[in-house]
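Asker: Residue-level listing of the chains:
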Amino acid sequence: MDKTFTTNKREIIRLEGITRDFHVGEEIVHALRGVSFTINEGEFVTIMGTSGSGKSTLLNTLGCLDTPTKGEYYLDGTPVRSMGKNARATLRNRKIGFVFQSYNLLPKTTAIENVELPLMYNPSFNAVQRREKAIESLVAVGLGDRLNHKSNQMSGGQMQRVAIARALVNSPAVILADEATGNLDTRTSFEILVLFQKLHAEGRTIIFVTHNPEIACYTSRNITLKDGRVVSDTYNNNILSAAEALAKLPKNDD
Amino acid sequence: MNGTNLIKIALRALANNKLRGFLTMLGIIIGVGSVITMLAIGQGSKKSIQSQISEMGSNMIMIQPGADIRGGVRQDASAMETLKLKDYEDIVNETRYISAVSPSVNSSGQVIFGANNTPSTIYGISPEYLDIRRYKVEEGDMFTEQDIQSAAKVCVVGKTVIDELFKNGENPVGKVIRFNKIPFRIIGTLESKGYNSMGMDQDNLILAPYTTIQKRILAITHLQGLTCSALKEEYTDQAIDEISEILRRNHKLKATDDDDFTIRSQQELSNMLTSTTDMMTVLLAAVAGISLLVGGIGIMNIMYVSVTERTREIGLRMSIGAKGRDILAQFLIESILISVTGGLIGVILGVGASLIVNGVARFPIYIQPWSVFLSFAVCTLTGIFFGWYPAKKAAQLDPIEAIRYE
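Here the protein sequences line up with chains D and A, keeping their order. Each number in the numbering used here comes from the position in the first sequence (counting from 1) with 202 added on. By the numbering used here, the letter at position 301 of the second sequence is numbered 297, and the numbering carries on one by one without gaps.
Same shape as in the complex, but just chain D:
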């Protein structure tokens, strides 16, 4: 897991002096005050910060949902700031996989159909290819036996796995997870972390935004934000195994 220290890896994300100002009435709120860092292919990065630190704004910027006021953002080599709305939508569709805290699955819809969703907006996939890719992703997150379960028939952990499969289905350059374990109990959280570590081991780039410092022990790099600035950016030489932590947890009584 020490791949992150090799420097000849491809640059996935490059932020250059990103600032983001919001106008709230008369006042100007500086959510980001000059954030710069790069993330290479295959890194598993935690972005931490308390509420108000600017981590949500940073996540929106990284996810191409928001445009910075100043500075430039390159996603997989593409400058994002000058892009129009529709171009950014297409970029999100091809390069980014989102995992949200509250899963955001379509109600009363099967796992396959939920996972297929990003490919529905990509005209180069036909119905057969969509289905193949969706099944492939669901198998990768360990839900090969629940392909046709509907979202309301699944537990929180299963729903989050479906959401992760949905984030994988378009083979994105980066997976953006926003408090992906925030709604889950400890055991299930570790199960999801195990899954993320597995994806990381397969060489995927993952950014995990959280306010839970414990998560940082299981990722390869940790960026901390405070008041719109990066206050620390450290590499983790001793990545803990989530699978081991899961094994040590007391068994549930059910």
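It is worth saying that the hints were derived from the structure and are not from the lab. Treat the hints with care, as some may be off.
The calculated lysine to aspartate or glutamate pairs, modelled on EDC-like cross-linking and capped at a C-alpha distance of 20 Å, are [as the list claims (entries may be wrong)]:
| id | chain 1 | residue 1 | chain 2 | residue 2 |
| --- | --- | --- | --- | --- |
| 1 | D | Lys310 | A | Glu397 |
| 2 | D | Lys287 | A | Asp322 |
| 3 | D | Lys287 | A | Glu397 |
| 4 | D | Lys310 | A | Glu402 |
Small disclaimer: the values here were computed from a predicted structure and weren't measured.
Dock chain A against the given chain D, drawing on the hints supplied.
Answerer: Frame of chain D; chain A shown alone:
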């Protein structure tokens, strides 16, 4: 994103909310159904009036000597002697838009048979008159051209006259009746036509050769009128032009002179009566159209609720790559699907309801294909129009806020 995918997504969203979708559709179903039923009833009564008129001969044209002024006194039409036999012959020979012409002279008086008598009118006409007025001979025969040449004292009588004169039920054919003391032999009887739409008894008449009436009853050489049939109802105007040209020429009228004859067509009457039912149709359709509008507002209302309820879904779709126009199309297709499905059911329901009205209430109906097409087109447009604003609202949502919407 392609159209098939959009329709799939919209169908799935509707399937997730079947009851709500159906209730929304109900507005459109009732709207379209009532528009079709009301138009069918309106058009049905129009058709029934038109067919009554055409029983009298919808292409009939009547020519009378026109009001003339002599020494400042306007003369009664029957006193005029301007219509001659030559006019009749020229109309027969020279016109292209007229299929049949009959001269007409008439006289009213008492008809007597044995001890019975009744007031009636005797019409002096030619055999073409039967076709023009849509009369049919029931028993016996119509008189012939030869009877006209010889001014034969023969006649064909209507049902009312027979009922009054032959109370014992004997066969009237071959019997001799007297009209103003002149004997006429009955050679045929007419099929009953009943009362016309203005309440006139169409069976109280006696038909005889016009020459007989001219010579033996009225002692005149002119005609009191001419009755013609235009080739078709649509050619009535051309036929009237032809007739008036011939009459003006024969009567040696200068370009500045007024006509000395009057031409009236059944079409005028028909237009007057059908304009009344047209008015009724428009009113009925307007009321039904309002219910279609209410149905449309129902769609708009539900689509707004749906957009608000599915804000997070919209946010998610946008984050994973849906463009504004994809979201717009998705919701628009959803509302069009509601209205088109509702429209289809409404068409079936409207046609069914019309048939029930016809079957149970014996009310004449006529379903015009264009009324079905029109109400279907209107409800599709309703779907687009009332679905547009909610869909636009959905497309303009900010994905950052939408995805975290509680």
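Asker: Among the hints numbered above, which are violated by the structure, and what are their numbers in rising order?
Answerer: Failing hint: just 1.
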